[in-house]
Each structure stands twice: as C-alpha cells, then as structure tokens.
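Numbering that gives the first Met the number 0 puts the first residue of the sequence shown at 0, with every later residue one more than the last.
No lab work stands behind these hints: they were computed from the structure.
Heads up, none of these hints are tricks.
Under the rule of at most 25 Å between Cα atoms (straight-line distance), these lysine-lysine pairs were calculated in the BS3-like manner:
no. : residue 1 : residue 2
1   : 41        : 78
2   : 17        : 86
3   : 62        : 92
4   : 52        : 41
5   : 78        : 89
6   : 62        : 52
7   : 41        : 101
8   : 52        : 89
9   : 101       : 86
10  : 86        : 62
11  : 92        : 17
12  : 101       : 89
13  : 52        : 17
14  : 17        : 41
15  : 17        : 62
16  : 89        : 41
17  : 78        : 92
18  : 41        : 86
19  : 78        : 101
20  : 44        : 101
21  : 17        : 89
22  : 78        : 44
23  : 89        : 62
Derived CB-CB ranges, DEER-like:
no. : residue 1 : residue 2 : range
24  : 93        : 4         : 29 to 37 Å
25  : 25        : 62        : 16 to 24 Å
26  : 33        : 101       : 27 to 35 Å
27  : 85        : 110       : 20 to 28 Å
28  : 77        : 54        : 30 to 38 Å
Ideal Cβ positions, reconstructed from N, Cα and C, are used throughout, including at glycine.
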Amino acid sequence: MATPQLDFSSIQVRDLEKSREFYQNTLGFEIENENPGAYVFKNEKGASFAIRKPLVDLDRAGKLGWGVALWFSVPDVEKRYEDVRGKEVKIVKDLTDSPFGKVFTVEDPDGYYITFHG
Numbered sequence: 000m001a002t003p004q005l006d007f008s009s010i011q012v013r014d015l016e017k018s019r020e021f022y023q024n025t026l027g028f029e030i031e032n033e034n035p036g037a038y039v040f041k042n043e044k045g046a047s048f049a050i051r052k053p054l055v056d057l058d059r060a061g062k063l064g065w066g067v068a069l070w071f072s073v074p075d076v077e078k079r080y081e082d083v084r085g086k087e088v089k090i091v092k093d094l095t096d097s098p099f100g101k102v103f104t105v106e107d108p109d110g111y112y113i114t115f116h117g
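Make a model of the complete structure from these sequences and hints.
Set out below in structure tokens:
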C-alpha cells in the first residue's frame, strides 16, 4: 500500500480577517482562493495551506496548535526573517542553523507557531 501524501492543511482561527491580514501582509503569503469561510494561500509545490473559520469552539482549547509544527520552505529565509523582524510580530525563535538549514519561528495571532526554513 502506498504511503499517503499530505495534500492540504488548514488551521481554524478566531478572527478570519485578522489572521488573513497577518498571513498576507505580515508574513507575505499570497491568496489563491477565498470564500466566506476560508482563505487558501498559493503554493508552488507540496501541500496547500489555509486559514478558516472555526468548526469547533476554539475558546475551549487551552492553546491552539499545541504540539503542531507548521513549516514553510522559502527561497531566501534570511530575507524573510529580516522582512518579518521589522514588523509587529512575535518571534519565538530567532534565525538559527538547524539540520534543515536556517530556520526561524513566529507566533500567529492565535498562538500557532509558524516556522520558515530555507
């Protein structure tokens, strides 16, 4: 039996427009598709990523995304780090070397950790 390949991932957010603003204008994601309940961001390869209105009561969760690691590959991680660092964003882990190349991690408005690597 073939191993399943990740095709799509989404996170549920408390305020869809606030999160769209963060992902689009702060982190530089480009919207590919939108509907009243979600934004899907462009992807050149791999799994698509979206933010969406909640399907459950998010306020009942202690911390959203706890234990989930979302990693995004970018062509120039150092430039992305400098761009993000100059904006109002919480950097959880500064740019550093890792087994996967240079990486840094930010926190989105709902507390999800987003890691960029290059």
